[in-house]
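Each chain, letter by letter, is given below.
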Amino acid sequence: MMMICLGIEGTAHSIGVGVIKDMRGSCHVLSNLIKAYQPQKGGIHPREAANHHAAHIADLISDSVRKAGVDFADIDLISFSQGPGLGPCLRTAATAARALALTLEKPLIGVNHCVAHLEIGRGTVNGCRDPVLLYVSGANTQVIAFAEGKYRVFGETLDVGIGNCLDKFGRQMDLGFPCGPKIEELAKKATQYLGLPYSIKGMDLAFSGLLTAAEAYMRQGKRLEDVCYSLQETTFAMLTEVTERAMAHTEKQEVLLGGGVASNKRLREMVQIMANDRGADFFVPSRDVCVDNGAMIAWLGFLMYDSGVRMNLDDSLINQRFRTDMVEVTWRD
Amino acid sequence: MTKKILYRGAEAEIRLSEYMGKTVVQKQRVKKAYRIEEIDRQLIAYRTKEEAKLIAEARSHGVSVPLLYDVDLVKGAITMEYLDGNRVKDILNVLEESERRSICLKIGESIARLHNHDIIHGDLTTSNMIFLNDRIHFIDFGLGCKNIELEAKGVDLHVLMEAFESTHSKYSHCFKDVLKGYSKQFQGDAGAVVEKIEEIVRRGRYR
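Line order of the protein sequences matches chains A and B. Quick note on numbering: the working numbering labels position 105 of the first sequence as 105, and the sequence is numbered without any gaps. Quick note on numbering: the working numbering labels position 61 of the second sequence as 61, and the sequence is numbered without any gaps.
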């Protein structure tokens, strides 16, 4: 069954619509459009982001379908990000998906956003079969792997996502949103490492202490470049360590990066080195499916539908706290 | 002296060796190429020292841990007693239910003895527990610390609870036996610790 699926992603600041075709077990992306909400100042205000999504979703859907070179009638399945994420944003995407599914009289599947980041790696990156996923975005920081029949979270942030941590610091320093790329650039010009608390509790990470210490350094008049460098080196070492520990624990020989922060070249370098030292494979999907996007939602929706999952309207309620391990993984052995 | 590698973990290599005529284990923290020299050096020295201190202190309070013979902070090496038993991780899923529950009770009691002296293990997974001579021995205090707060004790047990759910998911109900053993031995307010665990679960993101 070669299906064409349309996926709608709307968990946080991005609204994305992607169309994919299943090609015998791998994902062929026909189109993948994203519109990111840029806040004037401060962080993401959920209600404003949701309004932004509502304003753009209809055009994104028609543009995505057109770009995919298909007709609406060709679409076999509609899927949407059911959670986790910001309530108002999730509801906007879900409403659009429900409306579309009802209009086209096609089935609807809600998917878990974090699992989608993992599956798109398996679906688009050659050789990626059973990875440990280091999922690093603004709101999310999780180390996920398939174990004992479920997707399990082996480690995660105890407070904020790594992206949010960097954004908060960047905002204090007036770097503009998103701060990640600017911090990455500044870090390259550092001349020294400034000690920051290395905070891992078991397999979980805490970033708040680091943030406080970084801000303290700035007040002491330290160079911004040095603080950015120290922030990156410390947080990324923590992330790499937790990922390595998950790989050792699950005995998996593949590591996959996902989420917006996966674009950071230093983080990629660190995880790659760790993987090489373990004799493991390192995978990172292309940027357009690494960030929050609709194509990964469409792909996971396809996997679920293809393995027999069906949802009616009642099942399509959004879930802001959708746990990774609540997903019934029907498409893997 | 030939040193056979017993176990290569994510952080250290465990080698079987000889020391003063005894068979010992040498835990050697390995340098990680992915992190900068400053972090690597500081982390290895810090963790080696903290681990040695905690093992010594735990032993002094009657908790079963390997006997320490030597510590080298520069090399990041600890030489200690070889515990010829099984990792709880390897046996928990294959035991009879009654044996499993009995071990879980013992685990709880042992953790309580640590917590009674504000020793936080920091990485309570079943990979870090050796069952030998009918006792639970703790190893790998590399992420441990001393902490008087309720929060730290709650987090310590929470890590174990998570380990049960991911590695021993069919027997995650046995964590209740761990808490039972803990409540029996803990000299503070065990109920408050259990509540704290529940709070951590609620507070946790997307749980």
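You may find that some hints are simply not true.
[Unchecked claim] If you anchor each label on the Cβ, the simulated ranges turn out as follows:
{"#": "1", "chain 1": "A", "residue 1": "G149", "chain 2": "B", "residue 2": "L16", "range": "33 to 39 Å"}
{"#": "2", "chain 1": "B", "residue 1": "N93", "chain 2": "A", "residue 2": "G176", "range": "47 to 53 Å"}
{"#": "3", "chain 1": "A", "residue 1": "N319", "chain 2": "B", "residue 2": "Y46", "range": "36 to 42 Å"}
{"#": "4", "chain 1": "B", "residue 1": "R41", "chain 2": "A", "residue 2": "A248", "range": "20 to 26 Å"}
{"#": "5", "chain 1": "A", "residue 1": "K222", "chain 2": "B", "residue 2": "E97", "range": "46 to 52 Å"}
{"#": "6", "chain 1": "B", "residue 1": "D134", "chain 2": "A", "residue 2": "E251", "range": "25 to 31 Å"}
{"#": "7", "chain 1": "B", "residue 1": "N93", "chain 2": "A", "residue 2": "D174", "range": "49 to 55 Å"}
{"#": "8", "chain 1": "B", "residue 1": "E195", "chain 2": "A", "residue 2": "E269", "range": "42 to 48 Å"}
Derived from the structure by calculation, the hints contain no laboratory data. Yeah, the Cβ is synthetic: ideal placement off N, Cα and C, and Gly gets one too.
Tested hints:
1. A:G149 with B:L16: 33 to 39 Å: For L16 of chain B against G149 of chain A, whose Cβ atoms are near 36 Å apart, the range 33 to 39 Å holds.
2. B:N93 with A:G176: 47 to 53 Å: Distance hint for N93 of chain B, G176 of chain A holds at roughly 51 Å.
3. A:N319 with B:Y46: 36 to 42 Å: The hinted range 36 to 42 Å holds for N319 of chain A and Y46 of chain B, with Cβ atoms some 41 Å apart.
4. B:R41 with A:A248: 20 to 26 Å: holds, 22 Å
5. A:K222 with B:E97: 46 to 52 Å: Between K222 of chain A and E97 of chain B, where Cβ atoms are some 58 Å apart, the hint is violated.
6. B:D134 with A:E251: 25 to 31 Å: holds, 29 Å
7. B:N93 with A:D174: 49 to 55 Å: Check passed, 54 Å falls within 49 to 55 Å.
8. B:E195 with A:E269: 42 to 48 Å: holds, 43 Å
Violated hint for the displayed structure: number 5, the only one.
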